[in-house]
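Residue 752 in our numbering is what sits at position 221 of the sequence shown, and the numbering runs on without skipping anything.
Watch out, some of these pointers could steer you wrong.
[What the hints assert, rightly or not] Below are the DSBU-like pairs computed for lysine-lysine, each with C-alpha atoms no more than 35 Å apart in a straight line: (1) Lys608 with Lys723; (2) Lys779 with Lys590; (3) Lys599 with Lys703; (4) Lys664 with Lys731; (5) Lys723 with Lys779.
Simulated from the structure, these hints should not be mistaken for laboratory data.
On a predicted model such as this, the values are computed, not experimentally measured, just so you know.
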Amino acid sequence: MGTTFHTGPIATGVSSWVTFPVDRDVFSAYNKLSFDAYFSYGKIKGFAGFPILYTLTKKDSINVNGVKVPVDTLVGKIAAGDFTTYIAIRIGSIEPRVGIVFPLGYKTNTGVWLGSKNVVLKLGMGFSGDLNKKLRLRYGGELYYNYYIAGFPKIKDSQGKQGSWSIDPDVKVSTTWFKKTTLGIELLGGFKKLYPIWLKYKSFQGYELSYSIVPHIYASYDLSSRVYISGKCGFGPSFKRIVDSPSKHNDWNQSGNALNVSIGIGFYP
């Protein structure tokens, strides 16, 4: 029997990633309606997905002609997010992947920042396997290196981020002790080195280092052999360090906390 092309799961869901800066009465909520599809042809795997974003930001100040003016206001924006796709090959318990991310379209006159604004190359892998078959324990996750390879000239500040990079690990441990139900814990992390244009001083290009650790709990339930629902919730801190001078290195400081909540449904055609 020859190799056949399979589609699935196809999934959609809503999620909200809310960041709370330290010592400020502000927040940024990235609310997402996602559409994702997975494909396979033998050992070759693929993925394509994009979200619709509604970003809500509470501000305590705005910039008026270069002057910071105190305010207490909410700013919202709906836009298409970043299209993401990758191709992979399954080799035992790991799945090497190469992919790309690019903006579908943004406006910058709203004061709301959405997505990377850059074309991003993704190199990484997925992994999964059994921890203990008797106890029905499994592990899984992803690890990506993301490199900002190009910016959109019409989008403010995107050119200045070229050369930026990040490493994003995602590790899960799950169990299927209960019929049709999967329960697990997930650790989402990230480390980023960003070259923003506002950190450039004459010949010196400053950069910003940041990392975050957000533990989650998650669950999924099989409604049938083809349809499942899933959800997760997590909370954790983020840290930042700014290097704005070749002779000065600022300390690491907690920049805020992040809350993530999501629920989704998927099916196999």
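Do the hints match the structure? See the list:
no., hint, verdict
1, Lys608 with Lys723, "holds (25 Å)"
2, Lys779 with Lys590, "holds (30 Å)"
3, Lys599 with Lys703, "violated (43 Å)"
4, Lys664 with Lys731, "violated (54 Å)"
5, Lys723 with Lys779, "holds (19 Å)"
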